[in-house]
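Trainee: Starting from the known structure of chain A, arrange chain B on it as the hints suggest.
Number of protein chains: 2
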Amino acid sequence: MEVEVKFRVTDLEEIERKISETAEFVVEKFEYDVYFNHPCRNFAETDEALRIRKDSDGFTLTYKGAKIDYETKTRDEIKVGIDDFEKTKEILVRLGFRVAGRVAKRRRIYRRGEIIICLDWIEELGSFVELEIESGNLNEAKKKIFEYAEMLGFEAEKSIRKSYLEMILDVAHNNRER
Amino acid sequence: MEVEVKFRVTDLEEIERKISETAEFVVEKFEYDVYFNHPCRNFAETDEALRIRKDSDGFTLTYKGAKIDYETKTRDEIKVGIDDFEKTKEILVRLGFRVAGRVAKRRRIYRRGEIIICLDWIEELGSFVELEIESGNLNEAKKKIFEYAEMLGFEAEKSIRKSYLEMILDVAHNNRER
Numbered sequence: 112m113e114v115e116v117k118f119r120v121t122d123l124e125e126i127e128r129k130i131s132e133t134a135e136f137v138v139e140k141f142e143y144d145v146y147f148n149h150p151c152r153n154f155a156e157t158d159e160a161l162r163i164r165k166d167s168d169g170f171t172l173t174y175k176g177a178k179i180d181y182e183t184k185t186r187d188e189i190k191v192g193i194d195d196f197e198k199t200k201e202i203l204v205r206l207g208f209r210v211a212g213r214v215a216k217r218r219r220i221y222r223r224g225e226i227i228i229c230l231d232w233i234e235e236l237g238s239f240v241e242l243e244i245e246s247g248n249l250n251e252a253k254k255k256i257f258e259y260a261e262m263l264g265f266e267a268e269k270s271i272r273k274s275y276l277e278m279i280l281d282v283a284h285n286n287r288e289r
Numbered sequence: 112m113e114v115e116v117k118f119r120v121t122d123l124e125e126i127e128r129k130i131s132e133t134a135e136f137v138v139e140k141f142e143y144d145v146y147f148n149h150p151c152r153n154f155a156e157t158d159e160a161l162r163i164r165k166d167s168d169g170f171t172l173t174y175k176g177a178k179i180d181y182e183t184k185t186r187d188e189i190k191v192g193i194d195d196f197e198k199t200k201e202i203l204v205r206l207g208f209r210v211a212g213r214v215a216k217r218r219r220i221y222r223r224g225e226i227i228i229c230l231d232w233i234e235e236l237g238s239f240v241e242l243e244i245e246s247g248n249l250n251e252a253k254k255k256i257f258e259y260a261e262m263l264g265f266e267a268e269k270s271i272r273k274s275y276l277e278m279i280l281d282v283a284h285n286n287r288e289r
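Chains as they are written, first to last, in the numbering used here: chain A, 112 to 289; chain B, 112 to 289.
Pulled out of the complex, with its shape left as it was, chain A reads as follows (with noise of 0.2 Å):
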């Protein structure tokens, strides 16, 4: 199980000071992903997401069950690697999966013991935080990433259960209100 919650940075410059004196750097990655809708389900309504991801270490599929949990985004996860993005795609379009959105992404990666922190700038939503334990309990996890939030300076009741392909759905939507 991924538990993980997400806040929106304002201040960059004081979150990335503040994650690096109390987290080691990882890695900087790259990430292209790009999300489907079910033929015959509403993804939308049942919480369920099936993503294709580009990154500096290849491909990969990966089917997120609905979210468990109300205070953070923590969900089954299912991930396997593949060795073709366009194949990929278009199996699953000859399926009647349909895009649903795309997402791109910098990803600063740093490690706090079990906690993953990723620093994310997100094309067209801007900056955010991600918090992350692999865990089999899900309260204890919950408690040492909303202890170590409250460190860098985020409160709990902030944390955003929308994900980033949500997100850029919602600012398509305002758009196109507007």
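Subject to a maximum C-alpha distance of 27 Å in a straight line, what follows is the list of computed BS3-like cross-link-like pairs (lysine-lysine): (1) Lys200/A - Lys190/B; (2) Lys184/B - Lys140/B; (3) Lys216/B - Lys253/B; (4) Lys198/B - Lys198/A; (5) Lys253/B - Lys184/B; (6) Lys198/A - Lys140/B; (7) Lys190/B - Lys190/A.
Among the chain A residues that face chain B by a calculated CB cut under 7 Å, a handful are: (8) Pro150; (9) Val191; (10) Ile193; (11) Lys198; (12) Ile202; (13) Arg205.
The set of hints was computed from the structure by calculation and includes no laboratory data. Here the structure is a predicted model, which is why all the values come from computation and not from measurement. Glycine included, each C-beta is placed from N, C-alpha and C at the ideal position.
Mentor: Quick look at chain B alone, frame taken from chain A:
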């Protein structure tokens, strides 16, 4: 495009002798396939297929489009390598795909110019020969394939268009009827 015909083999020794005299042995493989039904489309009607395969080279995910020729098994095929068989199966099941059936085969592959010859032994079904050419020119490919089939003693009209999966499902169905 994969232009492909299949024939049932009654005398395996005789056919293997003829093939080994006219083509070059490439490799012997053991393949284990799991086929899926679509969550909201009847693949038996649309003549599509979705398969994950385990063999000595690793794992693949393959989509097969509907057959596009009356006499052969010619169809679009999109194949990607995957790094985990069970997790890919789990993703498909979570997306609502249902296991349709399993095919286990021993395959001896020979080559004669462009023609790939597969001498297959299929669990529950017996022995078959498949002749394949990868080609953009259907008619030319068919001509080459049927010429060689005739040389091996197979009559074009005895070509089998059913997949091994369909044949295995037929056997299961007939056993239930009895």
